[in-house]
Amino acid sequence: MQLMHPGLKDLFLLNHYVEDKTIGFLSIETPLPNFFKKATQSLPSYALGLQFRREYRHISMGVRAFKLKDIDVIFVFEIYNQHLLAVLPLLAFRGKEVLISLHGNQQFAMNSRIKFWGLIYLKKYLQFFNNLKVILFEIDDNVIPEKFRLPAASKVIIPHPIISEATPRLRAGERLSVDTKIKLGVVGMIRQDKPISKLIEILQDYVATNEQKCEIIIGTPFGQKPDYLDKLEVKLYDTTKEEDYIDVLNKIDILVIHYDQNRYYYRTSGVISDAGSCGCYIIASDYPVIKHQVSWPIPIGSTFSNFDEIDSLIDQAIAHIREKGQDNHWIWREQRTAEAIAKILFPNNSEQNRNP
50 MQLMHPGLKD LFLLNHYVED KTIGFLSIET PLPNFFKKAT QSLPSYALGL
100 QFRREYRHIS MGVRAFKLKD IDVIFVFEIY NQHLLAVLPL LAFRGKEVLI
150 SLHGNQQFAM NSRIKFWGLI YLKKYLQFFN NLKVILFEID DNVIPEKFRL
200 PAASKVIIPH PIISEATPRL RAGERLSVDT KIKLGVVGMI RQDKPISKLI
250 EILQDYVATN EQKCEIIIGT PFGQKPDYLD KLEVKLYDTT KEEDYIDVLN
300 KIDILVIHYD QNRYYYRTSG VISDAGSCGC YIIASDYPVI KHQVSWPIPI
350 GSTFSNFDEI DSLIDQAIAH IREKGQDNHW IWREQRTAEA IAKILFPNNS
400 EQNRNP
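Take any residue in the sequence shown, count from 1 to its spot, add 49: that is its number in my numbering.
Treat the hints with care, since some could be wrong.
What the hints assert, rightly or not - Have a look at the derived ranges for each label pair, beta carbon to beta carbon:
1) Lys230 <-> Pro55: 26 to 32 Å
2) Glu195 <-> Ser161: 15 to 21 Å
3) Pro194 <-> Glu383: 30 to 36 Å
4) Gln90 <-> Ser246: 29 to 35 Å
5) Asn179 <-> Val227: 42 to 48 Å
6) Gly222 <-> Asn179: 47 to 53 Å
7) Leu281 <-> Gln90: 35 to 41 Å
As the list claims (entries may be wrong) - In silico BS3-like pairs for lysine-lysine, Cα to Cα no more than 25 Å straight-line:
8) Lys262 <-> Lys280
9) Lys300 <-> Lys373
10) Lys173 <-> Lys196
11) Lys290 <-> Lys300
12) Lys182 <-> Lys145
13) Lys284 <-> Lys300
14) Lys280 <-> Lys232
15) Lys118 <-> Lys247
16) Lys118 <-> Lys145
Source of the hints: derived by calculation from the structure; they are not laboratory data.
All residues carry an ideal CB built from backbone N, CA and C; glycine is no exception.
With these hints in hand, go ahead and build the complete structure from the sequences.
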């Protein structure tokens, strides 16, 4: 099954750690019939065609729910608020326990009327159907305005899962040699809600003026790489393929990342989760969910409220790496495995409780 957010794929492992319940998974990333794809792509408006394709995928996901046999729980990986009209009845009337992962949908509803009405529609279903639950990542939604929050009885909060096959390159107790250059990195797609040009400028100034031995790494899909990156004195890596993306994260000691507040105030960062899995110390925007990602259950990074803080945070990060290596990352991972998440989702059915 293909996922919109590959960093969530460890959730497929939940069935290995749950007794007496079988989980079926649904994703909107499903192939479109060729005739339908061509027809929607031929529409004069790209946005209209995109919405038709998304609507098809949501309805298709709901129909597939009825094809899941011998399962007790349906886990829905991703949805869009504005496409819930048809899919929610299909999920609700399946008669099974349904866990719906919202990702950034509450955040998006703050700036989009149609997404807000979709959220209201979802809240009504949660009030009337006890078998529907929503998965929230990292923290409760009490940090956002009340009208965007979900019913308390319908929420389950879990940490963002790690990528189990990606591990810190330093084992517990290992340290970098004194003469090792510290690699400062910026990774991810460069788009409006992930502005990095200012970060690159700050990192360049830091490397040029600081006594610390550092170099800069930038990883981004080359298919959408801005031309100005080629003119910078940095190491560029293509992260189009997932394995290349992970490889770049494994090269980085300190990841610096900044997000637009209107898009990420109440939303997890997949890049931060992936970077933490790989052992990167993370310096990121100071938003509630992201702050929890880099500090629970043990700090693997720090957050900034303004760009002027970044230099001192890099100094602190380098001191942390020299002193503690990636020891904290190994502890951080333990509470973010599929096994740990299974105990939260199914406390009475987890593998741990088989032999009380």
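Comparing the hints with the structure gives:
1. Lys230 <-> Pro55: 26 to 32 Å: holds, 30 Å
2. Glu195 <-> Ser161: 15 to 21 Å: holds, 18 Å
3. Pro194 <-> Glu383: 30 to 36 Å: Given range 30 to 36 Å: holds, Cβ gap about 34 Å.
4. Gln90 <-> Ser246: 29 to 35 Å: holds, 32 Å
5. Asn179 <-> Val227: 42 to 48 Å: violated, 59 Å
6. Gly222 <-> Asn179: 47 to 53 Å: Since the Cβ atoms of Gly222 and Asn179 sit about 48 Å apart, the hinted range of 47 to 53 Å holds.
7. Leu281 <-> Gln90: 35 to 41 Å: holds, 36 Å
8. Lys262 <-> Lys280: holds, 22 Å
9. Lys300 <-> Lys373: holds, 18 Å
10. Lys173 <-> Lys196: The given pair, whose Cα atoms are some 13 Å apart, holds under the 25 Å limit.
11. Lys290 <-> Lys300: At roughly 16 Å apart (the allowed maximum being 25 Å), Lys300 and Lys290 satisfy the hint.
12. Lys182 <-> Lys145: Distance of about 11 Å is within 25 Å: holds.
13. Lys284 <-> Lys300: Within the cut-off at roughly 11 Å; holds.
14. Lys280 <-> Lys232: Measuring from Cα to Cα gives roughly 19 Å; hence the hint holds.
15. Lys118 <-> Lys247: The hint is violated at about 51 Å.
16. Lys118 <-> Lys145: Distance ~11 Å between Lys118 and Lys145 Cα, so the pair holds.
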